[in-house]
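Visitor: Heads up: the protein sequence lines correspond to chains A and B, in order.
This note's numbering numbers the first residue of the first sequence as 1 and each following residue consecutively.
This note's numbering numbers the first residue of the second sequence as 407 and each following residue consecutively.
Rather than coming from a laboratory, the hints here were simulated on the basis of the structure.
Nothing here was measured: the structure is a model prediction, and the numbers come from that model.
Each hint should be verified, as a subset may be incorrect.
[Unchecked claim] For lysine-lysine, the following DSS-like pairs were computed, each having C-alpha atoms within a straight-line distance of at most 27 Å:
id : chain 1 : residue 1 : chain 2 : residue 2
1  : A       : 350       : A       : 194
2  : B       : 424       : A       : 56
3  : B       : 462       : A       : 25
4  : B       : 437       : A       : 56
5  : B       : 431       : A       : 56
[Unchecked claim] What follows is a list of derived Cβ distance ranges for each label pair:
id : chain 1 : residue 1 : chain 2 : residue 2 : range
6  : A       : 276       : B       : 512       : 55 to 65 Å
7  : B       : 547       : A       : 289       : 39 to 49 Å
8  : A       : 222       : B       : 547       : 30 to 40 Å
9  : A       : 123       : B       : 639       : 44 to 54 Å
10 : A       : 59        : B       : 640       : 27 to 37 Å
11 : A       : 287       : B       : 407       : 37 to 47 Å
12 : B       : 640       : A       : 280       : 47 to 57 Å
13 : B       : 639       : A       : 49        : 30 to 40 Å
14 : A       : 287       : B       : 533       : 18 to 28 Å
Virtual Cβ for every residue (Gly too), placed ideally from N, Cα, C.
2 protein chains.
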Amino acid sequence: MALVVMKFGGTSVADPEKIKAAAAKAVREHKKGNQVVVVVSAMGHTTDELIALAHKINDDPPAREMDMLMATGEQVSIALMAIAIETLGVPAISFTGPQVGIYTNGVYRKARIRHINDERLREALGQGKIVVVAGFQGVTDDNDITTLGRGGSDTTAVALACALKADVCDIYTDVDGVYTADPRVVKNARKLKKITFDEMLELASVGAQVLHSRAVEIAANYGVPIHVRSSFKDVPGTLVVKEAEPMEDIVISGVAYNRNLSKISLLGVPDRPGIAAEFFGRLAENHIVIGMIIQNVGTHGLNDISFTVDRAEEKKALKIAREACKALKAKDVIVDSNVAKVSVVGVGIKSHTEVAARMFAALARNNINIESITTSEIRISCLIRESEVDRAVKVIHDEFALGEAA
Amino acid sequence: MALVVMKFGGTSVADPEKIKAAAAKAVREHKKGNQVVVVVSAMGHTTDELIALAHKINDDPPAREMDMLMATGEQVSIALMAIAIETLGVPAISFTGPQVGIYTNGVYRKARIRHINDERLREALGQGKIVVVAGFQGVTDDNDITTLGRGGSDTTAVALACALKADVCDIYTDVDGVYTADPRVVKNARKLKKITFDEMLELASVGAQVLHSRAVEIAANYGVPIHVRSSFKDVPGTLVVKEAEPMEDIVISGVAYNRNLSKISLLGVPDRPGIAAEFFGRLAENHIVIGMIIQNVGTHGLNDISFTVDRAEEKKALKIAREACKALKAKDVIVDSNVAKVSVVGVGIKSHTEVAARMFAALARNNINIESITTSEIRISCLIRESEVDRAVKVIHDEFALGEAA
Chain A
1 MALVVMKFGG TSVADPEKIK AAAAKAVREH KKGNQVVVVV SAMGHTTDEL
51 IALAHKINDD PPAREMDMLM ATGEQVSIAL MAIAIETLGV PAISFTGPQV
101 GIYTNGVYRK ARIRHINDER LREALGQGKI VVVAGFQGVT DDNDITTLGR
151 GGSDTTAVAL ACALKADVCD IYTDVDGVYT ADPRVVKNAR KLKKITFDEM
201 LELASVGAQV LHSRAVEIAA NYGVPIHVRS SFKDVPGTLV VKEAEPMEDI
251 VISGVAYNRN LSKISLLGVP DRPGIAAEFF GRLAENHIVI GMIIQNVGTH
301 GLNDISFTVD RAEEKKALKI AREACKALKA KDVIVDSNVA KVSVVGVGIK
351 SHTEVAARMF AALARNNINI ESITTSEIRI SCLIRESEVD RAVKVIHDEF
401 ALGEAA
Chain B
407 MALVVMKFGG TSVADPEKIK AAAAKAVREH KKGNQVVVVV SAMGHTTDEL
457 IALAHKINDD PPAREMDMLM ATGEQVSIAL MAIAIETLGV PAISFTGPQV
507 GIYTNGVYRK ARIRHINDER LREALGQGKI VVVAGFQGVT DDNDITTLGR
557 GGSDTTAVAL ACALKADVCD IYTDVDGVYT ADPRVVKNAR KLKKITFDEM
607 LELASVGAQV LHSRAVEIAA NYGVPIHVRS SFKDVPGTLV VKEAEPMEDI
657 VISGVAYNRN LSKISLLGVP DRPGIAAEFF GRLAENHIVI GMIIQNVGTH
707 GLNDISFTVD RAEEKKALKI AREACKALKA KDVIVDSNVA KVSVVGVGIK
757 SHTEVAARMF AALARNNINI ESITTSEIRI SCLIRESEVD RAVKVIHDEF
807 ALGEAA
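Excised from the complex, chain A in its bound form (with noise of 0.2 Å):
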């Protein structure tokens, strides 16, 4: 008997017909003999919605009633979800993030998991019950609703299958695998059957938008295996496992790109240490989640520092570099609102030096302009015009042949 969970994401519980399909193959896991959990996400464009309503009211809501409004779209799914299960015979039982005893920080719209109190879970799992919880949601130690920000279903599900310890956590979802590159840009770009954490968690925090990087980073510190797979289509998806072997052959798993970002930049900046310390520091205390961060040698005792962030947060990280241009006595502060990261992700990255020349190469033959250059161990990031990701990504597919099968 294994334990299992499995996540349907908004678009596989869009509709009560969608709800139905989902709960028949939460059924058919059961019928297996396994124990099942499942964690839903709000249905369809839910959440967006709500939000809409909000806005109506006020442009800037305050955040805990927002995580008050919010948290409804998870929990119409549960309650809707534990009805067809029971329409099949099986007994379901739903579960608000804070009636499972999922523990939060108490940082409304982004707030992260402390602790699971998994009690009364798997109380519902010995009696043989399928337990249907609430994704994207928690509870403070005060009893207030908190939500853990987007993409945070994925989060919950993998934080309930490592507090169970499960033997998978399915993640489902309307792409039936992590791919080589976004099958909407890439004509051939083809479908990974295993890959692992490392690479993952380089592509989701990229912009391969099938799974949630805090998702990834909780399995990969806990073990549990995660299976990316189509809500829609009945075939295996991607396996995303701690070491995909045999892996030497394989130098690159996939190339991904975010189209939505700004480059913030802070001219002039005194060289003095401690001052970038000082100035990231400030946009942590904000919860402005940082990109790339480049910062150019110095000449005349002044610096530059530039960052990236999700378009989204422009405004509010623009209004805390103002603040802080004046309190370090920087110079200015410029915004550029049309930039890209296009990324190569492999664990071969660290093997095979020829990798970033490569890329480098294949950008430059095609006349796209490399603004800035990250890495890691197993990732290079180029910094483009916005204008030209689609081009980028196929140029890079096609220099590392990732169309042909393995």
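Chain A is already provided as a structure; the job is to place chain B on it using the hints.
Guide: What follows is chain B alone, placed relative to chain A:
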């Protein structure tokens, strides 16, 4: 400084503009220096829409999951209301029924409040916040979400007013008070300035839908005055109090009706002690609310027992009646789905013995057949054909000249 509980029904919070208008009313009370608790229903037809959604999956969905589902309606309202109040510059905080500590029994869809833990509520009021509470919902000792049944938001508001020893409980609704008859049926129906709890209770239970009878019962028990008033017009409504003075001149307060009734009759029941108790016990176990009970005088050792239920409960009640018919060795069960009830209510009925005779005569003169009669100290009700309800209400309203100023 007074403590005011303000309840806004579904039509009063049907869209963002209406929520803003309701928020402005709450802020106005707060600016007078009062402590303010706002109780809200789900927006517009949300509850019906959620029920319809569930019925797309299952016609008879499990009750626990329906409460999980329906509770989201009020949760959306409290978040938006708190946002609207904060937008007007007054600190606000929203609480779900479970958060505010409204503990109920475990009868899903029809839960009854057992006690209220007002600690968190008082703390927030002490901080000068307007507290926004979800109506209609509570929580069991096992932390399962329950709903109180239709009209439950009134019950929440009055129960909170009683727990907090509020000075008044304002019920804002889409009508501007309690009338001598339904103004849609009787053109010259008159708004009452004051009415006693007992009269309101009789009016509520026979179908004047401005205020739920459970709410009135609780208010009467604790002596908290209720002010039924309009969300849309700024005029005084009807005050529901312990004693409405001067009342000696007022014999009848109003005429009420209940259109959607079914009469179920158990025919040929053996005439032995305990039969009625056993039969109605079965109905009570299934939480079916009984209206009138009529038992004819037995002949040949056999009785006929009839009772009325809301038509929505007909199917369920009929099933139980048929089972009981078998168990009690009765002869048959028949159902009449086209009955309605018309009632006169007034504390003067106690002392004015001619009321019943005048009511029956007025109906007779107009060829409206009375099928059954029940009375309380301050109410006389007749069961008639549903098609004759409007005419019956007008006839009785005229007979007692209720349209003229008292």
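Visitor: All the hints need checking, so say for each whether the structure fits it.
Guide: Tested hints:
Annotation: proposed proximity of residue 350(A) to residue 194(A) holds, straight-line Cα distance about 18 Å (limit 27 Å). Between the alpha carbons of residue 424(B) and residue 56(A) the distance comes to roughly 12 Å, so the proposed pair stays at or under 27 Å and holds. This hinted pair checks out: residue 462(B) and residue 25(A) have alpha carbons roughly 19 Å apart, not beyond 27 Å. For the hint pairing residue 437(B) with residue 56(A), the CA-to-CA distance comes to about 24 Å; that is within 27 Å, so the pair holds.
Of the pairs offered as hints, the one joining residue 431(B) and residue 56(A) holds, with about 19 Å between alpha carbons and a cut-off of 27 Å not exceeded. Between residue 276(A) and residue 512(B), the C-beta spacing of about 58 Å keeps the proposed range 55 to 65 Å intact. Between residue 547(B) and residue 289(A) the beta carbon distance is about 41 Å. The supplied range of 39 to 49 Å therefore holds. Taking the beta carbon of each, residue 222(A) and residue 547(B) are about 33 Å apart, inside 30 to 40 Å as hinted.
Our hint of 44 to 54 Å for residue 123(A) and residue 639(B) holds, since their Cβ atoms are close to 52 Å apart. Taking 27 to 37 Å as the suggested C-beta distance range, the pair residue 59(A) and residue 640(B) conforms, at roughly 29 Å. At roughly 38 Å, the beta-carbon separation of residue 287(A) and residue 407(B) lies within the given 37 to 47 Å, and the hint holds. Look at residue 640(B) against residue 280(A): about 54 Å separates their beta carbons, and that is inside 47 to 57 Å.
A hinted range of 30 to 40 Å for the beta carbons of residue 639(B) and residue 49(A) is consistent with their spacing of about 31 Å. The hint said 18 to 28 Å for the Cβ distance between residue 287(A) and residue 533(B), and at roughly 25 Å that hint holds.
Hint violations for this structure: none, all hints satisfied.
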